[in-house]
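> Add chain B to chain A, keeping to what the hints say.
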Amino acid sequence: MLAFVKCFSLKRTKHPRGYEDPHVLASETPFTVNEIEALHNLFKKLSTSIINDGLIHKEEFLLALFRNSSMQNLFADRVFYMFDRKRNGVIEFGEFVRSLSIFHPYTPEHEKSAFMFKLFDLHGTGFIEPHELKKMVGALLGETDLELSEEAIEAIVEQTMIEVDTNKDGKIDEEEWKDLVAKNPSILKNMTLPYLKEVTLAFPSFVLDSEVED
Amino acid sequence: MDKNGIVLMQKYELGRLLGQGTFAKVYYARNMETGESVAIKVIDKHKIVKVGLIDQIKREISVMRLVRHPNVVFLHEVMASKTKIYFAMEYVKGGELFDKVSKGKLKEDIARKYFQQLIGAIDYCHSRGVYHRDLKPENLLLDENGDLKISDFGLSALRDSKQQDGLLHTTCGTPAYVAPEVIGKKGYDGAKADVWSCGVVLYVLLAGFLPFHEQNLVDMYRKISKGEFKCPNWFPPEVKKLLSRILDPNPNSRIKIDKIMENSWFQKGYKKIETPTSPDSHQIDSLLSDVHAAFSVQPMCYNAFDLISSLSQGFDLSGLFEKEERSESKFTTKKEAKEIVSKFEEIATINERFNLTKSNVGVKMEDKREGRKGQLAIDVEIYEVTKSFHMVEFKKSRGDTMEYKQFCDSELKPSLKDIVWKWQGNNNNSNNEKIV
Numbered sequence: 001m002l003a004f005v006k007c008f009s010l011k012r013t014k015h016p017r018g019y020e021d022p023h024v025l026a027s028e029t030p031f032t033v034n035e036i037e038a039l040h041n042l043f044k045k046l047s048t049s050i051i052n053d054g055l056i057h058k059e060e061f062l063l064a065l066f067r068n069s070s071m072q073n074l075f076a077d078r079v080f081y082m083f084d085r086k087r088n089g090v091i092e093f094g095e096f097v098r099s100l101s102i103f104h105p106y107t108p109e110h111e112k113s114a115f116m117f118k119l120f121d122l123h124g125t126g127f128i129e130p131h132e133l134k135k136m137v138g139a140l141l142g143e144t145d146l147e148l149s150e151e152a153i154e155a156i157v158e159q160t161m162i163e164v165d166t167n168k169d170g171k172i173d174e175e176e177w178k179d180l181v182a183k184n185p186s187i188l189k190n191m192t193l194p195y196l197k198e199v200t201l202a203f204p205s206f207v208l209d210s211e212v213e214d
Numbered sequence: 001m002d003k004n005g006i007v008l009m010q011k012y013e014l015g016r017l018l019g020q021g022t023f024a025k026v027y028y029a030r031n032m033e034t035g036e037s038v039a040i041k042v043i044d045k046h047k048i049v050k051v052g053l054i055d056q057i058k059r060e061i062s063v064m065r066l067v068r069h070p071n072v073v074f075l076h077e078v079m080a081s082k083t084k085i086y087f088a089m090e091y092v093k094g095g096e097l098f099d100k101v102s103k104g105k106l107k108e109d110i111a112r113k114y115f116q117q118l119i120g121a122i123d124y125c126h127s128r129g130v131y132h133r134d135l136k137p138e139n140l141l142l143d144e145n146g147d148l149k150i151s152d153f154g155l156s157a158l159r160d161s162k163q164q165d166g167l168l169h170t171t172c173g174t175p176a177y178v179a180p181e182v183i184g185k186k187g188y189d190g191a192k193a194d195v196w197s198c199g200v201v202l203y204v205l206l207a208g209f210l211p212f213h214e215q216n217l218v219d220m221y222r223k224i225s226k227g228e229f230k231c232p233n234w235f236p237p238e239v240k241k242l243l244s245r246i247l248d249p250n251p252n253s254r255i256k257i258d259k260i261m262e263n264s265w266f267q268k269g270y271k272k273i274e275t276p277t278s279p280d281s282h283q284i285d286s287l288l289s290d291v292h293a294a295f296s297v298q299p300m301c302y303n304a305f306d307l308i309s310s311l312s313q314g315f316d317l318s319g320l321f322e323k324e325e326r327s328e329s330k331f332t333t334k335k336e337a338k339e340i341v342s343k344f345e346e347i348a349t350i351n352e353r354f355n356l357t358k359s360n361v362g363v364k365m366e367d368k369r370e371g372r373k374g375q376l377a378i379d380v381e382i383y384e385v386t387k388s389f390h391m392v393e394f395k396k397s398r399g400d401t402m403e404y405k406q407f408c409d410s411e412l413k414p415s416l417k418d419i420v421w422k423w424q425g426n427n428n429n430s431n432n433e434k435i436v
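Here the protein sequences come in this chain order: A and B. Counting from 1, position 199 in the first sequence corresponds to residue 199 in full-length UniProt numbering; the numbering is continuous, with no gaps. Counting from 1, position 86 in the second sequence corresponds to residue 86 in full-length UniProt numbering; the numbering is continuous, with no gaps.
For reference, chain A alone in the conformation it holds in the complex:
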């Protein structure tokens, strides 16, 4: 298979760090072995776009999402952080597949919901607090080029807290989060990637076909 040819071309006798047997990954995720091989192709493109080491670095991740490797984006940073399960600053293949599997259409909603809660819990305290919310709303408005006054941002945060923080302890806990998601499942929209269901059919050809010329 092409995968092998590419691997040899990396002049390694072994797979790169973090490579895992597709059969093992298939047993732990909704993906089939074929789909994992397809994902490996995507992974290779992502992980070699800037630094050819078979690991996805933050810059490569940003480049893929925004076509811009130096993009500042809180949410992309958070997603990267969540994918980097070992917290070593890079995404290995196993991490990539396991994290993407949460976005699979067949993955139960509670897993998606839990992932999203952690993503929004910026400081990892187990709660989403108003200052974190405020930071995220600010980041979102910056990202989307919308200018809102400080008061308007405060108002959005306050209104969200009123709606979600039902026990009124000033922070959002996992139970309150689950209630919100149950009431409003569209919040999880980004947590499902329909492409993952047909990853072999519609072969994922990553938008970057060659290395960046920079």
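One should not assume that every hint holds.
In the DSS-like style, the derived pairs of lysine-lysine whose C-alpha atoms are separated by at most 25 Å in a straight line are [as the list claims (entries may be wrong)]:
no. : chain 1 : residue 1 : chain 2 : residue 2
1   : B       : Lys395    : B       : Lys45
2   : B       : Lys422    : B       : Lys334
3   : A       : Lys183    : B       : Lys25
4   : B       : Lys107    : B       : Lys230
5   : A       : Lys189    : B       : Lys405
6   : A       : Lys197    : B       : Lys395
7   : B       : Lys100    : A       : Lys183
8   : A       : Lys178    : B       : Lys230
9   : B       : Lys358    : B       : Lys330
10  : B       : Lys47     : A       : Lys189
11  : B       : Lys387    : B       : Lys368
12  : A       : Lys183    : B       : Lys84
13  : B       : Lys11     : B       : Lys45
14  : B       : Lys358    : B       : Lys387
15  : B       : Lys230    : A       : Lys134
Derived, one-sided and incomplete: chain A residues facing chain B with beta-carbon distance under 10 Å [to be verified]:
no. : residue
16  : Ile51
17  : Leu62
18  : Leu65
19  : Phe103
20  : Met161
21  : Asn190
Only part of the chain A face toward chain B is listed, based on derived beta-carbon distances under 10 Å [unchecked claim]:
no. : residue
22  : Val33
23  : Ala76
24  : Lys134
25  : Ala152
26  : Glu163
27  : Val199
Hints listed in this document are in silico derivations from the structure and should not be mistaken for laboratory results. Keep in mind it's a predicted model, so treat the numbers as computed, not measured. Note that CB positions come from ideal geometry on N, CA and C, so glycine has one too.
Below, chain B alone, put in the same frame as chain A:
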């Protein structure tokens, strides 16, 4: 769920459940200001949005709000919360008309009285463009004076779907009372179908049993579609003749309501009921203000999480995969919901191209013309972040993608220019690194 003791809109104290259907629940309630008893019908907004008939329901409810006929259950007030619509209706104590019949057939004079009241009320509503379409025992009530009260006028849309030919298409209804053209799944005319049902009611009142009644539905449908029934020998000859004209399976030759009213048997002792003069336009506005409010487009509230998950590109991993051109577009706006809706109304009327209907999350535009793949339809959803910060999302729900794209690029998007704050999404980032 027990709703006892719940107070609705700080005005009505809910009591026991009176009845329940697919779309609605009806509760007994008491007006806490006046002590008056009412029946409150509770309808799930989602359900009526799903059947796509919010405009038709609004139209008929508006008419019913203006109607005051002694034989029609009066609609006091229409209210709404975020997810429900409430109809506060006259509470009718006397039970169902058919409880009387179940004790045996009625005397001719009594039967005639109810039939006169039925036809009089139906005629009154028909003349105002409201059809019942589901006349059946449960909807014929008696008040404490023993007068007939027809309930559920104006809610027929919740059972039927009206298609473009102006005829109704449905398969539901109460078989024994339903006109053959309704069963035949052909489109039907609500006025003619109501006449048929009145005929069945008259028969039952005088006979004490149904004209079309068979053990199995197939036989029953067959008899209905042929108009095959026998009158008991105690039916007066004029009634037999009248019934043969009403229970005519051909809707086009079936007797019309004005002719029924001219019939000599019907006329006996008939006093035309004085109905109050129609309200003037000023009164109409104030009477209908609650209906307008209840059916107005109320954007869904968007909290910080909705905002992030729908707008953040950094949290949209679909960018990792090559994707088809999206058929949805989003923009943010500083306008209020009302202004957004009227903008879309304005766009819909350009060249009189689109029909615009309101849903409870926004509007729907439907092309009046046939396109390459049928009519083009566009769903528009409006979300409120703050009073002067809304997000609007629209997407094709039907029709040809190329046609849609062309309409969006050359008409829709340019026309929206003056309400758009920012277009959202990843199609217009100018400072991308050039790659490939």
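> Grab the minimum C-beta distance from Ala152/A to chain B and call the hint holds if it beats 10 Å, violated otherwise.
holds, 6 Å
> Tell me if the interface restraint on Val199/A is satisfied: Cβ within less than 10 Å of some Cβ in chain B.
holds, 8 Å
> Under the criterion that the straight-line Cα-Cα distance not exceed 25 Å, is the pair Lys422/B, Lys334/B satisfied?
holds, 10 Å
> Next pair to validate is Lys100/B with Lys183/A; report whether the Cα-Cα distance is within 25 Å.
Between Lys100/B and Lys183/A the Cα gap is close to 46 Å, so the pair fails against 25 Å, i.e. violated.
> Does the nearest C-beta of chain B fall within a distance shorter than 10 Å of the C-beta of Leu65/A?
holds, 5 Å
> Identify whether the interface hint at Leu62/A stands, where standing means a beta carbon of chain B within less than 10 Å of its own.
holds, 8 Å
> For the pair supplied as a hint, Lys358/B and Lys387/B, is the alpha-carbon distance within the 25 Å limit?
holds, 20 Å
> Would you mind confirming whether the straight-line C-alpha gap from Lys11/B to Lys45/B stays at or under 25 Å?
holds, 21 Å
> Below or equal to 25 Å on CA atoms is what counts here, so check Lys47/B against Lys189/A.
At roughly 22 Å apart (the allowed maximum being 25 Å), Lys189/A and Lys47/B satisfy the hint.
> Against the 25 Å threshold, does the CA-CA distance of Lys183/A and Lys25/B hold or violate the hint?
holds, 22 Å
> Take a quick look at whether Lys387/B and Lys368/B sit within 25 Å of each other, Cα to Cα.
Outside the cut-off at roughly 33 Å; violated.
> Against chain B, with CB atoms and a cut of 10 Å, does the hint on Met161/A hold up?
This interface hint holds because 9 Å falls under the 10 Å limit.
Violation of the numbered hints given earlier is confined to hints 7, 8, 11, 15, 16, 22; the remaining hints are satisfied by the structure.
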